[in-house]
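All chains, please: the whole structure from these sequences, using the hints.
4 protein chains.
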Amino acid sequence: MAGSSIGTIFRITTWGESHGKAIGVVIDGCPAGLPLSEADIQPYLDRRKPGQSKYSTPRKENDEIEILSGIFEGKTTGTPISMLLYNTSQQSKDYSDIASYYRPGHADYTFDSKYGFRDYRGGGRSSGRETAARVAAGAVAIKLLEQLGISITTYTRSIGNICIDKNKFDINEINNNMLYMPDAEAAINAGKLIEEISKDKDSIGGCVECIIQGVPAGIGDPVFEKLDANLSKALMSIGAVKAIEIGDGINVTKNKGSENNDAFCINDNGAISKKTNHAGGILGGISDGSDIIVRASFKATPSIFKEQSTVNRNGEEIEIAIKGRHDPIVVPRAVVVVESMAAITIVDSLLLNMSAVLDNVKKFYN
Amino acid sequence: MAGSSIGTIFRITTWGESHGKAIGVVIDGCPAGLPLSEADIQPYLDRRKPGQSKYSTPRKENDEIEILSGIFEGKTTGTPISMLLYNTSQQSKDYSDIASYYRPGHADYTFDSKYGFRDYRGGGRSSGRETAARVAAGAVAIKLLEQLGISITTYTRSIGNICIDKNKFDINEINNNMLYMPDAEAAINAGKLIEEISKDKDSIGGCVECIIQGVPAGIGDPVFEKLDANLSKALMSIGAVKAIEIGDGINVTKNKGSENNDAFCINDNGAISKKTNHAGGILGGISDGSDIIVRASFKATPSIFKEQSTVNRNGEEIEIAIKGRHDPIVVPRAVVVVESMAAITIVDSLLLNMSAVLDNVKKFYN
Amino acid sequence: MAGSSIGTIFRITTWGESHGKAIGVVIDGCPAGLPLSEADIQPYLDRRKPGQSKYSTPRKENDEIEILSGIFEGKTTGTPISMLLYNTSQQSKDYSDIASYYRPGHADYTFDSKYGFRDYRGGGRSSGRETAARVAAGAVAIKLLEQLGISITTYTRSIGNICIDKNKFDINEINNNMLYMPDAEAAINAGKLIEEISKDKDSIGGCVECIIQGVPAGIGDPVFEKLDANLSKALMSIGAVKAIEIGDGINVTKNKGSENNDAFCINDNGAISKKTNHAGGILGGISDGSDIIVRASFKATPSIFKEQSTVNRNGEEIEIAIKGRHDPIVVPRAVVVVESMAAITIVDSLLLNMSAVLDNVKKFYN
Amino acid sequence: MAGSSIGTIFRITTWGESHGKAIGVVIDGCPAGLPLSEADIQPYLDRRKPGQSKYSTPRKENDEIEILSGIFEGKTTGTPISMLLYNTSQQSKDYSDIASYYRPGHADYTFDSKYGFRDYRGGGRSSGRETAARVAAGAVAIKLLEQLGISITTYTRSIGNICIDKNKFDINEINNNMLYMPDAEAAINAGKLIEEISKDKDSIGGCVECIIQGVPAGIGDPVFEKLDANLSKALMSIGAVKAIEIGDGINVTKNKGSENNDAFCINDNGAISKKTNHAGGILGGISDGSDIIVRASFKATPSIFKEQSTVNRNGEEIEIAIKGRHDPIVVPRAVVVVESMAAITIVDSLLLNMSAVLDNVKKFYN
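Chains as they are written, first to last, in our numbering: chain A, 9 to 374; chain B, 9 to 374; chain C, 9 to 374; chain D, 9 to 374.
Some hints could be false.
Which copy is meant is left open, because identical chains are indistinguishable; a pair holds if it fits in one copy or across any two.
[What the hints assert, rightly or not] Below, a list of computed lysine to aspartate or glutamate pairs in the EDC-like style, where the Cα atoms sit at most 16 angstroms apart: (1) 209 / 267; (2) 370 / 204; (3) 314 / 204; (4) 83 / 120.
Derived by calculation from the structure, the hints in this document are not laboratory data.
The model shown is predicted, which means the values in this text are computed figures rather than measured ones.
Have a look at this one:
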């Protein structure tokens, strides 16, 4: 089926395999008049790039984004923005041995089950490389949100058992460490943990948190197109994510109504506000004007150097040890992917919301 | 926007407010030839019905489902199945006082922010009552899955701090207790907890778990239409849900790759299988043939009898205590809603998958 | 598949068979705040009603529309508007003989080919009765357009060889005659033709024309979602329609560029306008501010009393003469159906257009 | 909005402007296992290429299609097929003068009305060049149809007043003349007509007819997703098309039921068939097993060398004469575009139809 698109008005379609000629994305429905060039997008791709630190693969992807359409005289025209990245650094030889067996934790077996065969070079369409296309689209969405006074902050919340300390939260620290943690001490400890794990030929998981500030109350829809439902789909569609939480998330199961309800109040500007934000900024699927808070739990990189049991395509049980270049943790590079998917979802919801009230439609057309 | 539909081939559209004339659902795209009558659907609605136990509101909803179209001589015709439930028991008087203020934890404020006004009677479109329409559609999806050898088991996994003991898991116990817990002892303890909470004019949250057995490997799509992404959206679209987990869920953040990866093996039937199921039956967004495991975390009922702070429509801070009839916990009645949304998602994915491989298309048309 | 819905933001879903319990429609995405009651809709259904004239079946359908949701205190709430019509006058006996054979020009055979069987009572889902649900939705769309200063005029342009004379066009005449023709003389002649055709146990086709005034320039999309493409789909989806024309339509094949191009000019109000309107108000898929003109060609009613050859379900060639109550022409009753589908398409395009320009999005959210 | 995609399961998204870096298309949902390479696609693009004859612009587009994804070891993988064509021959200078005024019959004015500005170089997104991307996608659809025993024949039916003579119809002649007419004599006459028109600095319209053979009965949907409704949208979405006809098309308005109905019969193979095919292979929106016949009426090329009146962006009335390279007729090059859009529509309908009947779903999964 046509499963490579997401969004209704602001809609992106990604394409490409890790070891094909290129990967790319088409953004359809971006409003006309947004100043945009490659220079706006490159920094986001650089945040995702491998080889930035000792915690990520030394593989170099000198990804230079190329915009092929949808821009005229430095502004979006309202027509599709097509962008691509050539795959320059792939080394097909590295992956040739994985053609014959199914790597545990990967999509090799499920791909073969679905399609009968697969592009086995480096994960093909299921490779993390596909997320670079999402990041390129996300950069456009983030730029659009900025124009509306909406900002997104995304960071690594935990790695293994090392979680940031809320009391030491420092937004300026996020880009100071290789792990994108807003707590310098936690970052140091997490770094040590990763080194140990790496030495042990293993990998580790973690959690990414995203806070969206400035979304007005009233965005989202009350039933199936709830804002939190769409954020969940968008974030769960990132490979390696196994849980999504909004606001207090999984902890709500243990809390009482009197603890979990956020009391409404009048803030210093005389506007309706909330005293707390257990809800994570969404009530009944619609934004309430508070910060929107969403978290994604990432599993450990499934590619590990340790020996594992599996089966091959002949149906024989074998032992394998995966070679090549693999990050011991996907979380730091996934931070910008989470941010991108959140931004794309919010933009689409904002555009869809414009026709919710007849008086606004009348004002628009008169 | 048009946010009251979900699904691509098997697509449902719900409509109706808790205190309007009726609520209902239209199922479009159900394959022709499924034996179906009201008697197939009623038992599912009865599982959701209030007034079943001392833990749920004594309000009676004598919901009798009526099928208005799409069935001929006892079988689905392939055309839309329209079903409705008349709202017979609503007492608008009970709710008239909530017109003027915003109940904490409810969608009152966000609805007003979006639409400028709201049907304030009993939650309107955001009422839990809307889920009865989902359950009617879910019953059809579940019946369809049965024809394909797929079964779903759904139950209450935890209430507050009381979690079922995996070692005492007894599937036959689920329908034996009012809380739909597969562990008799946990059910007793949870019942006591709810009574205490109720006496304290408060409410409590909990977790629902759903296990889908018999889905063949290969269902779902590799990028945005991942099976787990669609399950997440479907379940997060249920009011009061704040987190979704697949397989090991949130625990994957703390686990190593060597712990989290499921080794492939050859089972007794000579088929490819997995030794463990941390993945919850989905790899790379596509089913792997193991049980699909998904959990939803529900917050405590936001309507509590305790006094709470809030603001009214005039922008004044006030203290309120909500009256009327409210369950101290939504979880037991939500079990069948989770099951329904999961079934609807799985059916749609199965139907969409039929055209994935050219050889199958050729076989179909030759 | 799910083929009973149309529209993106303003989306309608129809359901029901001619001889089931009821037919209905759900409108999702109607902006909040539109004053609406059954009284707004009934007149449109009455225009479609059979038994209005000697040219339509004497069958009585005392269709009384019932609104079940989406309205509160006399206004749309932004949530789905569910409406239904009970099927009160069907006489299943009349149709029982058509279960066994395939009526020429009807969907009996194609339904059986697709689904394996069919609800053979009165055409089932393919019955013209389904269009009553479209008309109910269309009435809402037309009311919404009125609020934006947009009006639609629809009429019978020709019946058989009798075409209206453009020089005698009188808009006030449309509702003066049973055939909805804006030319009294043509209506008289067409009436005579229909009587002759009827006496001969035959039926006749005709053309419906629709003019939409007041649509601002800039509505529609440049590629696949062209305004004329969506109008074509919407109108071709009406049973019995076999051709769609925009502006000069089929005549453009014979015209030169210099004849067909509409020169732009400055009108008396100083605004950009066109000297002619061969384009029918749409250039490159986008409205140009002129009247939008679209025509639909209807075939003759396929049910005729004359003897016809066909085959039965046993694969035997037989001769049949259809009994029962059938209009000798579908065109007059189809006028309001064309108007409804056009209105639904225009409303959706208007709502989708609101996010086309970033400056408008910024103005909306600031 | 996101208007650059069409199709549900087999879904294409085009992007690119005539004078940007490139144009392209992403096909999502193509079944896995179709042998495919650039060599399969190039011949279709060559049919559309300008400079083939004296009747089309001497501009050279050495379009070489490049496939960037979705193919592995010579076969489609089921993942998106991304294809692009670099714009090598554009001469921006030629078009610079059209920035300031609105060409009659073009989308210049409507684009400005919608988006506030436009990429004025050569029509931008509204250029006929966009259709090259459709043709690349169409080539894939046609190849897929061939695997299912379905063939498409498309040709020029008329140019101005010169129409092919049905009695002289010769399928082998279609590719023998520059105008793709299946009647050598008509082609000669039409050629003369075009030369005269060209000398007169004018242009002319025409009609393209498409016959699809081998589609089994039962494809399409009974209500809004009628096969003819989708064909109409797909073909009307081609720039310059102003009318769509199915089967007898516009002539049905003048015909009686007894003339228009196609009698069912048993053919020599013992199968149900029709004695005639006025319906054009579609009854009630669903294919009936006969040839599917659809026609599109094209207006004359709006760019003419003759002097025309128009207005400029300053709101002044001016006289213009368009320079540059323009075909005096779009029809011959549009033949393959019509064929492509028809093929894309048919493929999508075939794939969507696979889940219509429960017994087929059961057979598939057992």
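Verification of the hints:
1. 209 / 267: Only across copies: residue 209 and residue 267 sit 12 angstroms apart there, 43 angstroms inside one copy, limit 16 angstroms.
2. 370 / 204: Neither way: residue 370 and residue 204 sit 63 angstroms apart in one copy and 49 angstroms across, limit 16 angstroms.
3. 314 / 204: Classified as within: same-chain Cα gap 14 angstroms, cross-chain 50 angstroms, threshold 16 angstroms.
4. 83 / 120: between (43 angstroms within a copy, 14 angstroms between copies)
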